[in-house]
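Read top to bottom, the protein sequences are chains A and B. So the first sequence is numbered by this note's numbering: it starts at 1 and just counts up by one. So the second sequence is numbered by this note's numbering: it starts at 254 and just counts up by one.
Bear in mind the hints are in silico, worked out from the structure with no lab data behind them. Any given hint could be a false lead.
[Said to hold, decoys possible] Pairwise CB distance ranges (calculated):
1. B:680 <-> A:144: 41 to 47 Å
2. A:167 <-> B:324: 44 to 50 Å
3. B:544 <-> A:250: 42 to 48 Å
4. A:17 <-> B:663: 30 to 36 Å
5. B:414 <-> A:144: 42 to 48 Å
6. A:118 <-> B:669: 57 to 63 Å
[Said to hold, decoys possible] Mimicking DSBU-like on lysine-lysine, the simulated pairs with C-alpha atoms at most 35 Å apart in a straight line are:
7. A:155 <-> B:495
8. B:495 <-> A:54
9. B:691 <-> A:54
10. A:143 <-> B:736
11. A:19 <-> B:433
12. B:433 <-> B:495
The structure displayed is predicted, hence computed values, not measured ones. Beta carbons: idealized from backbone N, C-alpha and C, even for Gly.
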Amino acid sequence: MAPLLEIKDLHAEITGGRKIINGMNLVINPGEVHAIMGPNGAGKSTLSYVLSGKPGYEITSGEVLFRGQDLLAFSPDERAAAGMFLCFQYPLEIPGVSNMAFLHTALNSQRRRRGGVELTSPELLRKVRELGRQLGIDPDMLKRPVNVGFSGGEKKRNETLQMMLLEPYMCVLDEADSGLDIDAMKVVAAGVNALRSAERSMLVITHYQRLLDYIVPDVVHVFAAGRIVHTGGKELALELEATGYAQYQNEAA
Amino acid sequence: MAAVQDTVDQVRSVDVDQYKYGFETNIESEKAPKGLSEEVIRFISAKKDEPEWMLQWRLDAYQRWLSMPEPEWARVEFPKIDFQDLYYWAAPKAFKAPKSLDEVDPEILRTYEKLGIPLREQEILAGVEVPEGERTKIAVDAVFDSVSVATTFKAELKAAGVIFMPISEALHEHPDLVKKYLGTVVPVTDNFYATLNSAVFSDGSFVYIPPGVRCPMELSTYFRINEKNTGQFERTLIIADKGAYVSYLEGCTAPMRDENQLHAAVVELIALDDAEIKYSTVQNWYPGDSEGKGGIYNFVTKRGDCRGRNAKISWTQVETGSAITWKYPSCVLRGDGSSGEFYSIAISNGRQQVDSGTKMIHLGKNTSSRIISKGISAGKSNNTYRGLVSAHRKADGARNFTNCDSLLIGNDCGAHTVPYIEAKNPTAQFEHEATTSKISEDMLFYCMQRGLSQEDAVALVVNGFVRDVLQQLPMEFAVEAQKLISISLEGSVG
């Protein structure tokens, strides 16, 4: 089976600044859920930005293959259309643009690029309402401007809604539980779990174990000083909760 | 959102040349002698076979103009204009006021078709049975250089008692009305450009809505400058008599030329008791190239007078064109209980300079006004909002709400807000809100991560920013304006 995502000896830095990713290797097969855990400042969020193509980072060497294609050659929107989705830690607000309009534009942009059939407004509305019900999203939230005045929980639900609607191959969740109370976290986790399938993989970035009680990973990696320093099964997360990251940080240094 | 999709498609379809109205129509024209003098003014007046009082009015304005200084307070820079190096009147050769569209030069009709204003079609559709409400009718007056070439739907408007015709024609057919109202809102002596216009104005639209009449369709004028080195000086006069209502839209384009061209128009609106005038502008004069060469100098005086009780005047403008814009559509709130509104989207890109805003002059009791201004600057442009809100000593209970938002795209443009507020009455309540923001890379990245191209992302964010104002435009024009905004901003990021 060909891997869905393959990162080979990746080195990356902030443009004109500090080196953040430092010789990273990772293979994720279709259907797998990987967790990346590590201390603050280890470069976990940078990894999500580099995978999704955020401006301001430079790849100095290495390679990333996504479904066999050179991911780093793609622009952010091309990556999105190819099926790479980033669930933002801090989703952005877009004043004056209704959530529904945003979803419609995003979905049809991707479909158009893949040569697929575009959804009409009523079709989309039905679909979004159904997904919204699953996530406990107030229909009123669909009319409001994207993320403007949303609570932390609403923003994360909204991210999950986008992910469920866009049906990516790869979901990168950057601190998906930050700002969430336990009930909201369960709802978000349920949404993510509903998306688990044999073709779809997930990369869950977190520094707390608690999210992994709800989104149970197949593989857990410890990320320190810009690369993976240790890999284990789901029980590794519990171990880390007890021992902390200190030993791995020393190892990385 | 379908409209956004339209925008996106429109942006895609646009070629490298962003200004698609830049073509020139090859048509023989007749001009007044170059330069400005009493003789030229007499020539213009004679061409129009004007009454003696009109000629005298023009000559008085000219005398006055000679002694007036050019205004220099606006935040715009341009080389001094040589007013003797311009043509003040140009008309398609052998031009006689057409009785019907069949008499209009087909070349001119084709020009308007290219601009997306099919005059003939509008007229033909009028004769076809169209179910009520399926198609909005719009009566169009088309002004080509200095003369009005066609006005559609004349008969239907006449039946409703509405007068909609070129002002040159109104001078003959309704001289009393013109004489009674012309220059009563923007006096001959108002300012340098308005006075120049008073001396040399060529054509423009005249509208009169009789008491109690709600104008049965949108009225619209399209202005087109075609000739080289020719200024366009149109004059629009709209009167809504007691209890009347009219919605009016103007649009404008010009060919691409290396030299700058002057457009100095005057628009006067008069609303009597309980009357309402809604005036919308989609301004798309040629803005010059990316280095700032060429383009229209748009120096325009627009003012509305709420002369009666509970009168209402509303200005909505979408400004995307012109090399320089100097324009402050204003309301004089004279009648008790009258209200004024100003909704504006001003976009500048390349080297465009915009100094625009409004004046709300509260004179009557319990008058109210509302200003919503959205400025968008991109490229190396400068965009200034300049506004005055004032309450006269006797203007008890005057109220104003102002909201000025500026959006910056890129690092080389400027946004400026210059509000003047004068309250001479202690009961006046004026509120002013202003924000300046920048389209952030993070916001664009967020949109792109969801699959939008960079252009789509900018269009989406900008459309969100201007939404409050677009909602004020008549439906068809809102879509048009939205497209225009995207085209104006094409290539402004990255």
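The hints, checked one at a time:
The hint said 41 to 47 Å for the Cβ distance between residue 680 of chain B and residue 144 of chain A, and at roughly 37 Å that hint is violated. Distance hint check: the CB atoms of residue 167 of chain A and residue 324 of chain B are about 60 Å apart, inconsistent with the given range 44 to 50 Å. As the Cβ distance of residue 544 of chain B to residue 250 of chain A is approximately 59 Å, the hint placing it in 42 to 48 Å is violated. Our hint of 30 to 36 Å for residue 17 of chain A and residue 663 of chain B is violated, since their Cβ atoms are close to 22 Å apart.
Between residue 414 of chain B and residue 144 of chain A the beta carbons are some 46 Å apart, a value that agrees with the proposed interval 42 to 48 Å. Taking the beta carbon of each, residue 118 of chain A and residue 669 of chain B are about 42 Å apart, not inside 57 to 63 Å as hinted. Note on residue 155 of chain A and residue 495 of chain B: the hinted pairing is violated, with a Cα-Cα distance of about 52 Å set against a maximum of 35 Å. Taking the CA atoms of residue 495 of chain B and residue 54 of chain A, the gap is about 60 Å. The hint is violated against a cut of 35 Å.
The hinted pair formed by residue 691 of chain B and residue 54 of chain A meets the criterion: a straight-line CA distance of about 18 Å does not exceed 35 Å. Between residue 143 of chain A and residue 736 of chain B the alpha-carbon distance is near 23 Å, which keeps this suggested pair within the 35 Å criterion. A hinted pair counts as satisfied when its Cα atoms are at most 35 Å apart, and residue 19 of chain A with residue 433 of chain B does not qualify at roughly 77 Å. In summary, the hint linking residue 433 of chain B to residue 495 of chain B is supported, as the alpha carbons are separated by about 16 Å, within the 35 Å threshold.
Consistency note: the structure conflicts with the earlier hints numbered 1, 2, 3, 4, 6, 7, 8 and 11.
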